[in-house]
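**Student:** Sequence:
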Amino acid sequence: MGPQVMSTSQRVLDSIRRIVRLLREGSRDSEDAVGLSAAQLFVLQKLDADEPLSLNELAARTLTHQSSVSVVVSRLVERGLVLRRPSANDARRLEILPTRRGLALRRRAPAPEQNRMIAAVEALSQQQQRALAEGLDRLVRALGIDERAAPMLFDDEPPRRPRQRPRKRGNKRA
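In our numbering, the protein residues as written are 1255 to 1428.
It cannot be assumed that every hint is accurate.
Claimed, not checked - Derived Cβ-Cβ restraints for the label pairs, each shown as a range:
{"no.": "1", "residue 1": "Ala1385", "residue 2": "Arg1333", "range": "33 to 41 angstroms"}
{"no.": "2", "residue 1": "Asn1310", "residue 2": "Asp1286", "range": "28 to 36 angstroms"}
{"no.": "3", "residue 1": "Arg1282", "residue 2": "Ala1396", "range": "26 to 34 angstroms"}
{"no.": "4", "residue 1": "Ser1324", "residue 2": "Gln1258", "range": "45 to 53 angstroms"}
Quick caveat, the hints were computed from the structure, so don't treat them as lab data.
Glycine residues also receive a C-beta, built at the ideal position from the N, C-alpha and C atoms.
Work out the full structure: start from the sequences and follow the hints.
**Tutor:** Here is the structure:
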């Protein structure tokens, strides 16, 4: 018997599984390395200390809706990794920039897997990108989840607990 031929449905599901696994592993790597979710690290990586961004500009850089980015920025502000301040030129505009602590953490962090995914999508031809987007849009509608918010990847998952180290058995003093 020759090799088993996969159905198109299986190919699609296997591809989705591989992508989810890549992103989940990247999120775990981020949490283990610097204690940030993949979404938090991705946002922190998109900020520039020399060029403060508005929330809308940051949403554009992360290819995410403004409300999703806002939640992640708030978490980063709480942790002292990002500063949100009124603009010197326009008091209505809030500027977002990394703190020194955020920059230091970012330097030792792994590259977010979202960057690889964005680069891979952008490497597709415009026709392939449109076909992929249309197919995924139809899938989302068929699943009935097209009205749901699209939060940043793995931002809504609870943080992992640190691994417990086994206790050393040693000499007990009496």
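**Student:** Each hint: holds or not?
**Tutor:** Going down the list of hints, with the structure as the test:
no.	hint	verdict
1	Ala1385 - Arg1333: 33 to 41 angstroms	holds (40 angstroms)
2	Asn1310 - Asp1286: 28 to 36 angstroms	holds (32 angstroms)
3	Arg1282 - Ala1396: 26 to 34 angstroms	holds (30 angstroms)
4	Ser1324 - Gln1258: 45 to 53 angstroms	holds (47 angstroms)
The earlier numbered hints are all upheld by this structure, with none contradicted.
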